[in-house]
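These protein sequence lines map, in sequence, to chains C and A.
Just add 88 to the spot in the first sequence (first one is 1) and you have my numbering.
Just add 6 to the spot in the second sequence (first one is 1) and you have my numbering.
Calculated directly from the structure, the hints in this document are not laboratory data.
Heads up, some of the hints might be wrong.
[What the hints assert, rightly or not] Computed list of lysine-lysine pairs in BS3-like fashion (alpha-carbon distance at most 25 Å, straight line):
(1) K26(A) / K43(A)
(2) K86(A) / K145(C)
(3) K43(A) / K71(A)
(4) K34(A) / K86(A)
(5) K86(A) / K43(A)
(6) K145(C) / K43(A)
[Claimed, not checked] Which stretches of chain C does chain A cover? Using the computed rule of at least three CB atoms under 8 Å from a CB of chain A, they are:
(7) 112-124
(8) 138-149
[To be verified] The following residues of chain C were derived to be distant from chain A, with all beta-carbon distances above 12 Å:
(9) N93
(10) S94
(11) A103
(12) E105
(13) R109
Ideal Cβ placement from N, Cα and C applies to all residues, glycine included.
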Amino acid sequence: MEKLNSLAIRVLNQAIEVLPRNQQSRYAEEWRSHYAELTNPGERLHHALGCASCAFKTQAGLNGLPEPAGFRIEVPGFGAVESDLTSGLRVMVFHALAIAQRDSKFSSVAQVGWSYLSATMHLMNEKERDRMDNYLASLQPQANGVFLDFHFEGIKYSYGELPEVLEYYFRREIEKLA
Amino acid sequence: MSRKLNSNIRLSGPALRMLKIFIEHPMKEFSGAEIAKVTGIGSGTLYPLLARFEQERWLTSRWEKIDPSEEKRPRRHYYKITGHGQNCARQALTELQTDFGALGWKS
Numbered sequence: 089m090e091k092l093n094s095l096a097i098r099v100l101n102q103a104i105e106v107l108p109r110n111q112q113s114r115y116a117e118e119w120r121s122h123y124a125e126l127t128n129p130g131e132r133l134h135h136a137l138g139c140a141s142c143a144f145k146t147q148a149g150l151n152g153l154p155e156p157a158g159f160r161i162e163v164p165g166f167g168a169v170e171s172d173l174t175s176g177l178r179v180m181v182f183h184a185l186a187i188a189q190r191d192s193k194f195s196s197v198a199q200v201g202w203s204y205l206s207a208t209m210h211l212m213n214e215k216e217r218d219r220m221d222n223y224l225a226s227l228q229p230q231a232n233g234v235f236l237d238f239h240f241e242g243i244k245y246s247y248g249e250l251p252e253v254l255e256y257y258f259r260r261e262i263e264k265l266a
Numbered sequence: 007m008s009r010k011l012n013s014n015i016r017l018s019g020p021a022l023r024m025l026k027i028f029i030e031h032p033m034k035e036f037s038g039a040e041i042a043k044v045t046g047i048g049s050g051t052l053y054p055l056l057a058r059f060e061q062e063r064w065l066t067s068r069w070e071k072i073d074p075s076e077e078k079r080p081r082r083h084y085y086k087i088t089g090h091g092q093n094c095a096r097q098a099l100t101e102l103q104t105d106f107g108a109l110g111w112k113s
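Required output: the full structure, derived from the provided sequences and hints.
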């Protein structure tokens, strides 16, 4: 749980740094105050990722750019948090796996992934799960090999089994922490 | 479904959920954390919404008057609906009700 809190604080700090300078002190205090009122580490991380999303949207708006479709934050000691804002933050888990496979760094990137999934599993409702399924279905035709099949702990799985494998893996990792 | 009002206000589902609590408690001040807890809106949606509504003068805000070092926590930032905001929100909700039937909101 300490790891989740630590990750949430790092993401929150980086989100504040992304903000335009003239807004940093106001939101730093407001977002930290919000953070302080949350007791569940998962909710804290969810809040921090939301603040990151807000910061990237604000930065893009000031530069006259369209709202970003996603963002990536480097978290020292953990890896990177990458998110697709159009489909919801939780898609990050799937991106994390894809990147991990590509870079052969499953463990470090997945650390971020399972932390994030633990934050969102209990927050996800039926509608959101449907949305995620639709998003993943939309990725399939564009698959460049990463999503068609994958290996996990020496076993080859098909793309369709990805959610189950991830859930198994992340739950196991979370239990280790508990 | 969303509906654009005036210049920059877009009444999306989360915006309506947020307005609902302000309309139901026009004299009460809410922090971002309280709004998130009651409405279930995530921070990534909530804070841009609050900023936009404040910019359009539907909401006003102030810092909590405490000494953070004494309380050992950061100050909260409180939001409250303005008279202008109440008028605009009621008008918007009336238009929505006309278009889509009663929403079951008390005004």
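* Given the hinted pair K145(C) and K43(A), is their alpha-carbon gap at most 25 Å? -> 22 Å, holds
* Asked: Since N93(C) was said not to touch the interface, does its Cβ keep a gap of more than 12 Å from each Cβ of chain A?
  -> It holds; N93(C) is separated from chain A by about 16 Å at its closest Cβ, greater than 12 Å.
* Asked: Within 25 Å, alpha carbon to alpha carbon, are K86(A) and K43(A)?
  -> Holds, at about 16 Å.
* To do: Count residues of the stretch 138-149 of chain C with a Cβ under 8 Å from any Cβ of chain A, then say if the count reaches three.
  => Since 7 is at least three, the answer is holds.
* Asked: Is it true that the CA of K86(A) sits at most 25 Å from the CA of K145(C)?
  -> Since the Cα atoms of K86(A) and K145(C) sit roughly 24 Å apart, the hinted pair holds (cutoff 25 Å).
* Asked: Taking a Cβ-Cβ distance under 8 Å as contact, does the stretch 112-124 of chain C have three or more residues in contact with chain A?
  -> n = 9 at 8 Å, threshold three: holds.
* Against chain A, does A103(C) hold up as non-interface, every C-beta pair farther apart than 12 Å? => 9 Å, violated
* 12 Å Cβ clearance of E105(C) from chain A -> 16 Å, holds
* Can the restraint linking K26(A) and K43(A) be considered satisfied, given a maximum Cα separation of 25 Å? -> Holds: K26(A) and K43(A) sit about 14 Å apart, inside 25 Å.
* Nearest-CB test (12 Å) between chain A and R109(C) -> 16 Å, holds
* Asked: Holds or violated: are the alpha carbons of K43(A) and K71(A) at most 25 Å from each other?
  -> 22 Å, holds
* Examine each Cβ of chain A, and state whether all of them lie more than 12 Å from the Cβ of S94(C). => S94(C) clear of chain A: closest Cβ-Cβ about 18 Å, beyond 12 Å.
Comparing the model with each earlier hint shows a violation of hint 11 alone; every other hint is respected.
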